[in-house]
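**Q** Sequence:
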Amino acid sequence: LCQICSSQIFPLYFINMPLAKDLLHPSPEEEKRKHKKKCLVQSPNSYFMDVKCPGCYKITTVFSHAQTVVLCVGCSTVLCQPTGGKARLTEGCSFRRKQH
Numbered sequence: 083l084c085q086i087c088s089s090q091i092f093p094l095y096f097i098n099m100p101l102a103k104d105l106l107h108p109s110p111e112e113e114k115r116k117h118k119k120k121c122l123v124q125s126p127n128s129y130f131m132d133v134k135c136p137g138c139y140k141i142t143t144v145f146s147h148a149q150t151v152v153l154c155v156g157c158s159t160v161l162c163q164p165t166g167g168k169a170r171l172t173e174g175c176s177f178r179r180k181q182h
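Residues 83 to 182 (the working numbering) make up the sequence shown, in order.
No false leads were mixed into what you were given.
Below 20 Å or equal to it, Euclidean Cα-Cα: the simulated EDC-like pairs (lysine to aspartate or glutamate) are:
#1 LYS119 x ASP104
#2 LYS103 x GLU113
#3 LYS116 x ASP104
#4 LYS168 x GLU112
#5 LYS168 x GLU111
#6 LYS140 x GLU173
#7 LYS134 x GLU173
#8 LYS114 x ASP104
#9 LYS180 x ASP132
#10 LYS168 x ASP132
#11 LYS120 x ASP104
#12 LYS168 x GLU113
Don't read these hints as lab results, they were simulated from the structure.
Working from the sequences, and respecting the hints, build out all of it.
**A** See below:
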């Protein structure tokens, strides 16, 4: 358990290297960019939201990562379109994230 360095013997358990960043207290921006399983506390990145139609003002519940086109129940306006990840809301639509 010893290491020879410049003709002196140093025990390895005395060498203490400081970390470049704090792993126990990551910044919120850093946590948001991470994969859902690599965060400090695992939680899903998806959520449900209430989307208000700009035409008839009816509220529809939409999944944040919807994989199909979501239409308004009242006027059949397109509320969101799927992308590779999160669904893209149509311009003019307002939304509110649902609480558990």
